[in-house]
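Novice: Take a look at the letters that make up each chain.
2 protein chains.
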Amino acid sequence: MAKERILIVGGVAAGPKVAARTRRLMPNAEITVVDKGRYISYAGCGMPFYVDDQVGHFQELFSTGYGLPRDAEYFRSERGINFLTRTEALAIDRVRKQVRVRDLETGREGTLPYDRLVLATGADPVLPRLEGIDLAGVFKFRDPGDAQAVKKYLEQRNVQEAVVVGAGFIGIELAGALANLKLLTTVIEFQERILPQMLDADMARLLEERLAAAHGIEFRTGERVTRLEGDAQGRVCRVHTDRGVYDAELVIVAVGVRPNVNLAREAGLVIGRTGAIAIDEHCRTSDPDIYACGDCVEITHRLTGEKIYAPFASAANRQGRVVADNLAGRPSVYRGVLGTAVLQAGSFNAGRTGLTEEQAVKLGYEVVTGLAPQRDRTHYHPGSGMLILKVIADRVSGRLLGVQGIGPGEVVKRIDVAASVLHFGGTVSDLIELDLGYAPPFNTPVDPLQHAANALVNKLDGIVETISADELKAKLDTDEAFVLLDVRLEKEARHRKIDDPRRVLVTLSELRRRLAELPRDKEIIIICDIGVRSYEAYRLLRGAGFTRVKSVEGGMRAWPFGPASMF
Amino acid sequence: MAKERILIVGGVAAGPKVAARTRRLMPNAEITVVDKGRYISYAGCGMPFYVDDQVGHFQELFSTGYGLPRDAEYFRSERGINFLTRTEALAIDRVRKQVRVRDLETGREGTLPYDRLVLATGADPVLPRLEGIDLAGVFKFRDPGDAQAVKKYLEQRNVQEAVVVGAGFIGIELAGALANLKLLTTVIEFQERILPQMLDADMARLLEERLAAAHGIEFRTGERVTRLEGDAQGRVCRVHTDRGVYDAELVIVAVGVRPNVNLAREAGLVIGRTGAIAIDEHCRTSDPDIYACGDCVEITHRLTGEKIYAPFASAANRQGRVVADNLAGRPSVYRGVLGTAVLQAGSFNAGRTGLTEEQAVKLGYEVVTGLAPQRDRTHYHPGSGMLILKVIADRVSGRLLGVQGIGPGEVVKRIDVAASVLHFGGTVSDLIELDLGYAPPFNTPVDPLQHAANALVNKLDGIVETISADELKAKLDTDEAFVLLDVRLEKEARHRKIDDPRRVLVTLSELRRRLAELPRDKEIIIICDIGVRSYEAYRLLRGAGFTRVKSVEGGMRAWPFGPASMF
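Protein chains in written order, with our numbering: chain U, 1 to 567; chain X, 568 to 1134.
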């Protein structure tokens, strides 16, 4: 019997994964990978950290853990995989089962036959048609060539001010990197907030405020770039928007990516509604001999059942494993994602899993949330960092729907735990019952995630009635008569407070004996640092017969309306 | 109606938790806590980190996050809780519903009535009857007074050598703290390995080897302390065991704790087989008006259904919440633990959740394991650290049974995720399918936990046959003819290798064209750094018709038999 020929188009993440596992499972197959680029099997997600020198050497983005470059020679000798770089796949002939390719160095064309074909064609950055987009100093940020070009430009030019167009995942990571390099960095986002795909408005605004305060990043949301202006040398010098003009010697455009589906579409494969290649749970396209995986496919959101486009490296890897299994006759399945996404920008971490509150409301859930700032480990332990978690659940069933987290503290552990609960369709009670590991270097006896879940349950059970920062802000902007009861210590209030004549400071420890000073005919809104003492005070006041009482959820730590926080 | 009287005995962890939440839920109750100690509501788990100055001030172990001391006055003014320190509960009169107490300052006795009583009497350290146990310089390590005494002794005496008796949880944390202080530290453990309650022998030995290599801690396992010797001034100077004598100017005895159940036992409450107070799922004792929680109770291991004694702060906190709920007429339940435990010692983290392999085998499971060293985040990212994970599952059902982890890297996140899967009775496939967050600062595209689970599944599916370090060691100790095929780079092998004439170095990249050099009549055992290249080579050899091939699980990183590792 002739050797089976497996042809893989795309050599960045999913493609090499398929190739490597297929090689292990099918020792006699002939495995060929073609990629039009010069760089293969690279760590695309590491590139923002190369820009700000956290990753020291360009080569590290292509190296194995033991120091070998992951180039074509590595794949040939270590993996027995035939890797053709700078080779573009032009068309699939599904009848003859062959792919026409062009060697981009020589221009020569030829065909590669296949028994089974895998499309891992990835995604390309969306580049808006903007005047000035071709100026020197304007970059996209998708492949290692881009990262290297940005870095070289920074080294060669005296860049003081930078603009990042787009406040999505990559845009925010890049803004963090540029701010780490001490550039005056402005992020311009067309939507009304940063990370619109990832965070609810309240969490996005808190992160925005923190990034601005800690790193000096300027955010311009709800603003559209209209053109890029160049200087006499053809270098970008200014960014014009519908609302202003910003000096910038460096502009990075990161407004999203779009799946590369031309090859698939022209071969008549089914493209999904998201615009990405449609696959079944075995990662098979509409042609049974053609699989697809990675950033070119659409996947199932396991909580909604809907197809979404979510180009993440972790999903690409799992799909690659599933493709290889199926190629080798092991019918494993890929069930989709829960919408988990995490990032680091400057000194802040952010993450989300499951649905946002907005998504959940749109889907018809009766939503209840809990928002809680907390230290990620015991406050007395060195290196402890604050984080704010938001837990989202269905009021009717108690089912957990999603969790978001931001802060300098260990956010991602909590996101991963929440993703695990979501995987099983668990409830908020499940979350609270988890037997998580506790020791002072790692967390608090009640883990911050469980603390946030407790906060949610207390609301659900009617033990506390809360008011959000947004709602309080709206009230403060009116003439309404109410008492804003600040129960923190005087030194805390001196440091940062809401400046309003309705604010009264009575520390929690004094509150019991000063109850008579509080009016019984006005609403009393209690605020503290993180929402714990205000909850305590709420219960105290309710117990003492006060009826119109609310606790500000998350306290001053969740207050994004200035003065700047001390996060 | 008279105010309900809630009396709580014990003011360290569970007691104050009950008091605080009960206060919130029952604003009119009269809540009293009695504790015989001077220090209340303290962070006992933080004490090892106070010894090595990671926690800067003694007061921090008793402070709120906003800086107030958590003393009786704090509980009175902020919480409305009556807190009696230095007050010993002597006896419970269940008929009259009152507790006889003694003021330890004045010696005066009295009675405190209750409507409902909560026992949170905690645990005391086991102190073996040893000659010399009362010498100066010999300490137990249970309450802040102990921590302060150790610290003072270290400041006042010129301590060079220390002995920790007991290699359990506290003993290992303390050894790390003393080693951080540059003391020559010896740990003497009567059982055959360190952390016998927490880790399997293979993982314990790896951690032991790492702690010894990195911190110079000397471990003497399988050795029994026979007496402590003092100098002319009555200060400890030597520790005698059944196998040796060790100089030591400081000895800390940490051989475990024992629940304080005298009060309960003398009142006729049911004591469980573990020796701790028996409670139902509402944390109620055999007397419906008496609850118990914290280190004095036994709890259910949710995987075995058995009652165990597992005195952990996180469990105490959750029980405290459940007790308060039930006191307030909210019938919440406490379902028990999954055996999760984590610790930090020196620069190493360690953790376990679920069953160990040994426990699982004893329970009759047909066990399959996967052991995998891996970096906790992308290898090119600054601060990435190695960890070794061991995943334990039931071969028949695929059900996850437990996970252990050790290393300088982020172990605890993986333990928490595994604990979440165990909570739902999930399988190894569930573990692999989890949609965990990926970004280079946090993990690898395939999370180390999922990588370890994949390693297990590959064994289960017969894709690879492995040999453990133990088994290889046994083979090396015989005259058996086999080839130990080292497929690492030469520079890696120069750094650390198994010295044996049967070892042959053929790097993975050369292996394909040098297959002819390998004998077909001998067993070939392949080793690399972490077990990934040896797996690749295994598949290569099997594909090339070699039949007697094995891959060393975990490679050199999981090899504890010297020369010292480079972890």
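Calculated directly from the structure, the hints in this document are not laboratory data. Note that this is a predicted model, so its numbers are computed, not measured. Treat the hints with caution; some may be incorrect.
[As the list claims (entries may be wrong)] Take a look, some chain X residues computed to stay more than 10 Å from chain U by CB distance:
| no. | residue |
| --- | --- |
| 1 | E571 |
| 2 | R646 |
| 3 | R653 |
| 4 | R760 |
| 5 | V963 |
| 6 | K980 |
| 7 | L1001 |
| 8 | D1002 |
| 9 | S1076 |
| 10 | E1084 |
[Claimed, not checked] For the chain X half of the interface with chain U, some residues (derived, Cβ under 8 Å), not all of them:
| no. | residue |
| --- | --- |
| 11 | P594 |
| 12 | C612 |
| 13 | F616 |
| 14 | F625 |
| 15 | E645 |
| 16 | E1059 |
| 17 | V1071 |
| 18 | L1072 |
| 19 | V1073 |
| 20 | L1075 |
| 21 | R1087 |
Backbone N, C-alpha and C define an ideal beta-carbon position, used for all residues, glycine too.
Novice: If a hint holds in the structure, say so; if it does not, say that too.
Specialist: Against the structure, the hints come out as follows:
1. E571: holds, 13 Å
2. R646: X:R646 is in fact no farther than 10 Å from some Cβ atom of chain U, at 7 Å.
3. R653: holds, 22 Å
4. R760: Non-interface label stands for X:R760: nearest chain U Cβ at 20 Å, farther than 10 Å.
5. V963: holds, 19 Å
6. K980: violated, 4 Å
7. L1001: Check fails; 5 Å does not lie beyond 10 Å.
8. D1002: Non-interface label fails for X:D1002: nearest chain U Cβ at 4 Å, not farther than 10 Å.
9. S1076: Non-interface label fails for X:S1076: nearest chain U Cβ at 4 Å, not farther than 10 Å.
10. E1084: holds, 16 Å
11. P594: With a closest approach of 2 Å, the X:P594 hint holds.
12. C612: Since the shortest Cβ distance to chain U is 5 Å, the answer is holds.
13. F616: The hint holds - X:F616 has a Cβ within 8 Å of chain U, the shortest such distance being about 6 Å.
14. F625: Not OK, violated: X:F625 not within 8 Å of chain U, min 10 Å.
15. E645: holds, 5 Å
16. E1059: holds, 6 Å
17. V1071: violated, 18 Å
18. L1072: violated, 14 Å
19. V1073: Result: violated, 12 Å to nearest chain U Cβ.
20. L1075: holds, 5 Å
21. R1087: Because about 16 Å separates X:R1087 from the closest Cβ in chain U, which is outside the 8 Å limit, the hint is violated.
Hint compliance for this structure: hints 2, 6, 7, 8, 9, 14, 17, 18, 19 and 21 are broken, all remaining hints hold.
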